[in-house]
Amino acid sequence: GGIITQTPKFLIGQEGQKLTLKCQQNFNHDTMYWYRQDSGKGLRLIYYSITENDLQKGDLSEGYDASREKKSSFSLTVTSAQKNEMAVFLCASSRGNTLYFGAGTRLSVL
Amino acid sequence: GQQVQQSPASLVLQEGENAELQCNFSSTATQLQWFYQSPGGSLVSLLSNPSGTKHTGRLTSTTVTKERRSSLHISSSQTTDSGTYLCAIDITGNTGKLIFGLGTTLQVQP
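For the record, the sequence lines run as chains A and B.
Numbered according to my numbering, the first sequence spans residues 1 to 110.
Numbered according to my numbering, the second sequence spans residues 111 to 220.
Far from chain B, some chain A residues (derived; all Cβ distances over 12 Å): (1) L19; (2) T20; (3) E52; (4) N53; (5) E62; (6) G63; (7) S67; (8) S73.
Using C-beta positions, here's what the derived DEER-type ranges look like: (9) B:S137 <-> A:K70: 33 to 39 Å; (10) A:T79 <-> B:T140: 29 to 35 Å; (11) A:K83 <-> B:G126: 43 to 49 Å; (12) B:S161 <-> A:T20: 36 to 42 Å; (13) A:T51 <-> B:Q115: 29 to 35 Å; (14) A:S61 <-> B:Q217: 33 to 39 Å; (15) A:E52 <-> B:Q124: 49 to 55 Å; (16) A:D30 <-> B:E125: 40 to 46 Å; (17) A:D65 <-> B:P149: 29 to 35 Å; (18) B:P220 <-> A:K83: 39 to 45 Å.
Simulated from the structure, these hints should not be mistaken for lab results.
The C-beta atom is built at its ideal place from N, Cα and C for all residues, glycine as well.
Chain A with its partners taken away, still in its complex shape (with noise of 0.2 Å):
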């Protein structure tokens, strides 16, 4: 079996403040994807890749960069954080119809 780690698991920033989360996977699945959490919203995805160095915006990309340099791993950029923002980033990967998530980085901005 494989695992999908995200680092940090929690992270606390300040306003305006450029925060970057980053997923590994070693499934070796070609298809990696970030999704937000926010309570009452359900999740939305942000940003995947197919491959790597593909990249691929989702319905919530604004506010966001990513980066795939490796096929292992996907990072996300939270290119400037809002006050009082609270959310979880999921990151999962797949090969062929079904998602692996991790446990996901918890974020909070002061």
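We have chain A already, so just place chain B on it with the hints.
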């Protein structure tokens, strides 16, 4: 409006009772998945069921594609089944770009 609607929003059962969770969606789905999210935990894929009936352990999913609905039946519920159950569809042709519902929160009491 929400493309994937789940009901009920929450459900409280006694251990041993059966649970029936519903998912209705407004677009034609090429893929439908049910996920489980433990309190504070990551998402785990339970079943991938775009049409028909599928079983795994105590779980049965029935999807009627023409009617754009799916159900998840949990038989003989256990306290460890407590958590949130999410339904997600792919409308773009099995790309893994999932649209999630808000979930059903299940609490199984001993």
